[in-house]
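Protein chains: 2
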Amino acid sequence: MAASDESLRKALIDKQLAVDSQGNVVRALKADKASKLEIDAAIDALNHLKLEKSSIEKELQAAVSGGDGNAVTREAFRQAVVNTLERRLFYIPSFKIYRGVAGLYDYGPPGCAVKANVLSFWRQHFVLEENMLEVDCPCVTPEVVLKASGHVDKFTDLMVKDLKTGTCYRADHLLKDFCNEKLQKDLTISTEKAAEFKLVLATLDDLSSEELGAKIKEYGIVAPDTKNPLSDPYPFNLMFQTSIGPSGTIAGFMRPETAQGIFVNFKDLYYYNGNRLPFAAAQIGQAFRNEISPRQGLLRVREFTLAEIEHFVDPEDKSHPKFSEVSHLEFLMFPREQQMSGQSATKTCLGEAVAMGTVNNETLGYFIGRVYLFLTHLGIDKDRLRFRQHLANEMAHYAADCWDAEIECSYGWIECVGIADRSAYDLRAHTEKSGVALVAAEKFAQPREVEKLVITPIKKEIGLAFKGSQKMVIEALEAMTEEEAMKMKSSLESKGEDEFLVCTLGKTVTIKDGMVKISKEKKKEHQRVFTPSVIEPSFGIGRIIYCLYEHSFYKRPSKDGDEQLNVFSFPPLVAPIKCTVFPLIQKPEYEAVAQRISKLLTAAGVSHIIDMSGNTIGKRYARTDELGVPFAITADSETDVTIRERDSKDQVRIIISQVASIVKDLTEGHKTWADVWSAYPHHTSVNGEDNDL
Amino acid sequence: MAASDESLRKALIDKQLAVDSQGNVVRALKADKASKLEIDAAIDALNHLKLEKSSIEKELQAAVSGGDGNAVTREAFRQAVVNTLERRLFYIPSFKIYRGVAGLYDYGPPGCAVKANVLSFWRQHFVLEENMLEVDCPCVTPEVVLKASGHVDKFTDLMVKDLKTGTCYRADHLLKDFCNEKLQKDLTISTEKAAEFKLVLATLDDLSSEELGAKIKEYGIVAPDTKNPLSDPYPFNLMFQTSIGPSGTIAGFMRPETAQGIFVNFKDLYYYNGNRLPFAAAQIGQAFRNEISPRQGLLRVREFTLAEIEHFVDPEDKSHPKFSEVSHLEFLMFPREQQMSGQSATKTCLGEAVAMGTVNNETLGYFIGRVYLFLTHLGIDKDRLRFRQHLANEMAHYAADCWDAEIECSYGWIECVGIADRSAYDLRAHTEKSGVALVAAEKFAQPREVEKLVITPIKKEIGLAFKGSQKMVIEALEAMTEEEAMKMKSSLESKGEDEFLVCTLGKTVTIKDGMVKISKEKKKEHQRVFTPSVIEPSFGIGRIIYCLYEHSFYKRPSKDGDEQLNVFSFPPLVAPIKCTVFPLIQKPEYEAVAQRISKLLTAAGVSHIIDMSGNTIGKRYARTDELGVPFAITADSETDVTIRERDSKDQVRIIISQVASIVKDLTEGHKTWADVWSAYPHHTSVNGEDNDL
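Line order of the protein sequences matches chains S and E. Residues in the first sequence are numbered consecutively from 1, following UniProt numbering. Residues in the second sequence are numbered consecutively from 1, following UniProt numbering.
Please keep in mind that the hints were generated in silico from the structure rather than gathered at the bench. Watch out, some of these pointers could steer you wrong.
Claimed, not checked - DSSO-like mimics (lysine-lysine), calculated; alpha carbons at most 30 Å apart, straight line:
no., chain 1, residue 1, chain 2, residue 2
1, E, Lys147, E, Lys487
2, S, Lys671, E, Lys599
3, E, Lys382, E, Lys147
4, S, Lys318, E, Lys599
5, S, Lys443, E, Lys587
6, E, Lys433, S, Lys96
7, S, Lys555, E, Lys267
8, E, Lys382, S, Lys599
9, E, Lys267, S, Lys619
10, E, Lys154, E, Lys512
11, E, Lys671, S, Lys671
12, S, Lys599, E, Lys467
13, E, Lys185, E, Lys227
14, E, Lys154, S, Lys96
15, E, Lys495, E, Lys517
16, S, Lys671, S, Lys649
17, E, Lys664, S, Lys671
18, E, Lys599, S, Lys322
19, S, Lys322, E, Lys495
20, E, Lys267, S, Lys154
21, E, Lys467, E, Lys382
22, S, Lys467, S, Lys512
As the list claims (entries may be wrong) - From chain S, some residues computed to sit far from chain E (all C-beta separations above 10 Å):
no., residue
23, Lys164
24, Met395
25, Leu464
26, Met472
27, Val509
28, Lys517
Positions of the beta carbon are idealized from the N, C-alpha and C atoms, including for glycine.
Between the sequences and the hints, there should be enough to build the whole structure, so can you do that?
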């Protein structure tokens, strides 16, 4: 193979990843036996890309240096990040050699290391710090569990089908795209029409199947790929279904969240915790959602890692002993009222937000604060992080309050952590369905005389009214809280009937006077038995990591100014590799020093790579900067070496025996670069062998 | 509730887990609203158990202290381990409140911590130490990938159905149970018959569907639960099937192993490694097998964590640069010949086994040695660990050699790690199916004149002979290695035909003379292109952990001799919690010291629990011994405290400021207990407040 062919081939292999969204180029290479013609076409395409490069880079620079963030720049910025991520195998579209499956991605070596670092810090920051009970439950889940939780009936998206090809689309996506396109590109629409489109966009999540269908008809929306007519919207359950065991009779699903595994174990976990509240259980694991048409790359995928906490508290006492440790924090909060009145998020003191009742209770506030610390510690830019309260229409009817940690990236503001006070809903639903009481008890020091609620369903009447489902209605009535029961009692007395939600039926029934007797009796009680409330912080690990990539990415010119070089400015905590080691030039003495340092780093438990290639030092720095490696050690003498910090490019000289412990301290956060910079001699290049870019 | 009722209730809750296999007792409690009668029945059962206890304990003691290990003792020992594991939530049958699903288990808090420790050590010992490329691929896998790997066609077990109830059984299990029962319990059978049963047991894995069916008929085996007749055996695919995307047209499976995710990424990983061999990729993740009738508790489950390594090497050079680091190791090896001649495993030097060719090559040998170090470091007893070579009939036809790390537990010798040289099979299969060449290249310093293999399939002839599948046959012919091609050439010349395995068809076809031209031509080559061999160590993490539980468990009498107390002697590396802290008695000064030490331990990153309960110190020690906590710190003064080691029960006195760093050194392996014992004053109890049991 001639030299030019060889370098072309290298360039192509290199660019295959770099230009993966560019049609022809990729196709020519995919076949893996590109003909002469196809290679020529690929070169043309590459040259063309090169011409476009300078203009794209200008936009990029604007975006990176805080430009106005218009759609084109954002798209170019994202493309630059994604190209780097794919080329360096932070992630890989899964099953690529078989043309892949939408919404499934592999993490390659650096991505895998970043994920392990994020999860390990999550464990440290939440599980160990708060003594949470970690559990690990299977992904395969029998139907009964997800029936109780409501997922079998309600975990759906509305879908429309291309009536000729059968291709499926999310109905709300089509309507959203249509309205956005009209608003952005159609200059002829009237002010009224524009207002209408905006209203549709604002209320998109509230539209029923019928309303969505009507809008699609009214606007004449057709299948985007074929322009064929569309079916009416119908619900599609997002769970991957399977069958457990050989008989085919036990339906199962791949869990859509990890939380249910914790709820069904509540009784054992409460006992393990010495029958004391509050306590939290936590779980890290895979979750699955069979998305209708995944888009937005790593942000909307069909399989992902969730890290969830279920913090169980007495509903009558949601204070938190450690709230004072986070109450001073100030960050962007976006309460319901501000959203409704069209304002934007403002910097708010967490303590005040809880004191004023904006945040429902201290425990919820405590977790908001801890999530803020977690995300910013990972390297999320605090100015592109906000806590947005759910609007009333977004929140489940049982939820007391709900805040999302949203991170701004090139796709807009993305929900990465949900922090919800789900009240007693989940434990009640499983209590009703399983017949096992998932409750806690507060023991009284002295027996107390209490008015005790007595609920007596009149079985005959209920049997007549709800044939076939009387058992569920009776159990649900018996499981009512005092508040619910007294509300029903007064309804029955005033109106003669009451609407009543039966979770196990998944619907509301009408209870009439005479179907249930509700009274209060005086009784001596030794304890108070109640269903705990659940406060649930739920972390989408893949989304957090993707946003982290965008927030960490920047470009800077190479030393000669010819090129723009990519850098990921990961904090050492997150960096996939903590340190690179290389000899300044290929010289046995220097190579021996590099090997010696590598051994010392392994012994100290510092993950590192050693680069013995003959590339220029500048090229080697550039390669590790692109992986976000924070420190590089260059062996250029037999007594001491230089350590270079990635972002400042500053270098200090350290004697060899101290290198490993200094890098360990730097990566574990015991020392900052500023500490090292002020304590050790600075390095300046000598003999024209420049260690800098 | 009266006091006796209360303690009864406690006992019941406690025993519910302890006697979970005892029929009535559990049923009475499962309903969770046990009537008076049911509670009485439960008490009777419990008393009955108590009577049996002393005899069981004797057997237990015999088993633990190395008794002869007969079935009854082994069963009793296992029951004791499993009771402790379930009661302390090391694991929990999944979805227990819904009566569970066979073969699915949750890890509770201590089990989860043990698992995290084992995985973290695995990463350290394999991935970091050997610079492996870790990846993380989805569990949901499209059919095409598992078709190529052979799982869609061949990942099956033979099943029979109860013809009346439809209940399914594994055919080989029924035949095995029948033969074992006859051999063990039927004293009337002849010597010939006994020999026949033994032969059946020995060849069980080799029997075809027809042979299995014939034996079942011949022996008159019926459904064990109902005595109904059984269907003929038929294959049942063990993969959980699902459907990807909303259209229902893309079949998918939950992966049965993690390895395929690595193979399909070979090209990218090879490039990431600078196009150099050898290198290894690694993956930790969930795998799924829809077992027909799971038994053996944690050992045969439907969802489990695998940790797999795929080490890619040049098939012409399987030496390993670090083999000398493990060649001196001696442990139990059980080569093929010894198994065939009825001998048992013998202590062998690894270096000799490789030198003598018992182990096929150095790389395979290196991994056997590393696996030995890994398992024994975790706490697996080296006398109950052996490496057993696969017999010829156990091994896939393409495999060069295969060794299982088997660990002996109460279920017998259990395969926990498989270490296989799979040659080029997997990469070839995906190359054929995807059309993407998964190959490596060795660049020559100087171009070489080589005899080059040229394979020219004669399309017309092949088309006539293999209508519909000619494409697969042609691709497979073109993908032959030199050795295979030359073998075929000589077969065609001598016999006029050759049997040829086409992986993509999953069968062997007959190639006749005239269907393919195989020749050698002289050519200048710049590189040698070849399919790498794969050496695959594959770890069943759950099985290793279960065996670790059995190997770590023992009982010892309490101080007053009234009770037998459970201990897990986990090494600090594995222990779910490294340290317990408690005040000697409930006294504010001691409690303050305990809190202070807890803070110091948190800062040092040592996982611990603090126990402020008023229980006796003996009871508190017993509780943490049962969790396998290696060190306990008792706060009994304001200047210094005691540290107690779990197994020796020895105690030393340490001044408070040094406690955290000493415990950290102990748990991270920088210091042994012997070091601490020789350096610090020993503690003896004073004032009758005994810190010992």
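Going down the list of hints, with the structure as the test:
1. E:Lys147 x E:Lys487: holds, 27 Å
2. S:Lys671 x E:Lys599: Judged against 30 Å, a Cα distance of about 21 Å means the pair holds.
3. E:Lys382 x E:Lys147: Not OK: Lys382 of chain E and Lys147 of chain E at ~39 Å, beyond 30 Å, violated.
4. S:Lys318 x E:Lys599: holds, 25 Å
5. S:Lys443 x E:Lys587: holds, 23 Å
6. E:Lys433 x S:Lys96: Given pair Lys433 of chain E, Lys96 of chain S holds - Cα atoms ~13 Å apart, limit 30 Å.
7. S:Lys555 x E:Lys267: holds, 28 Å
8. E:Lys382 x S:Lys599: Since the Cα atoms of Lys382 of chain E and Lys599 of chain S sit roughly 29 Å apart, the hinted pair holds (cutoff 30 Å).
9. E:Lys267 x S:Lys619: holds, 24 Å
10. E:Lys154 x E:Lys512: holds, 27 Å
11. E:Lys671 x S:Lys671: Since the Cα atoms of Lys671 of chain E and Lys671 of chain S sit roughly 25 Å apart, the hinted pair holds (cutoff 30 Å).
12. S:Lys599 x E:Lys467: violated, 60 Å
13. E:Lys185 x E:Lys227: holds, 19 Å
14. E:Lys154 x S:Lys96: Answer holds: Lys154 of chain E to Lys96 of chain S is near 24 Å, not above 30 Å.
15. E:Lys495 x E:Lys517: holds, 15 Å
16. S:Lys671 x S:Lys649: holds, 18 Å
17. E:Lys664 x S:Lys671: holds, 20 Å
18. E:Lys599 x S:Lys322: Status holds; Cα separation ~14 Å.
19. S:Lys322 x E:Lys495: violated, 84 Å
20. E:Lys267 x S:Lys154: violated, 42 Å
21. E:Lys467 x E:Lys382: Violated. Lys467 of chain E to Lys382 of chain E sits at ~56 Å, over the 30 Å cutoff.
22. S:Lys467 x S:Lys512: Measuring from Cα to Cα gives roughly 15 Å; hence the hint holds.
23. Lys164: Nearest chain E Cβ is 14 Å from Lys164 of chain S, so the label holds.
24. Met395: With a cut-off of 10 Å, Met395 of chain S remains clear of chain E, as the shortest Cβ separation is near 27 Å.
25. Leu464: holds, 26 Å
26. Met472: Its Cβ never comes within 10 Å of chain E, the nearest being 16 Å, so this holds.
27. Val509: holds, 24 Å
28. Lys517: Its Cβ never comes within 10 Å of chain E, the nearest being 21 Å, so this holds.
In this structure, the hints that do not hold are numbers 3, 12, 19, 20 and 21, in rising order.
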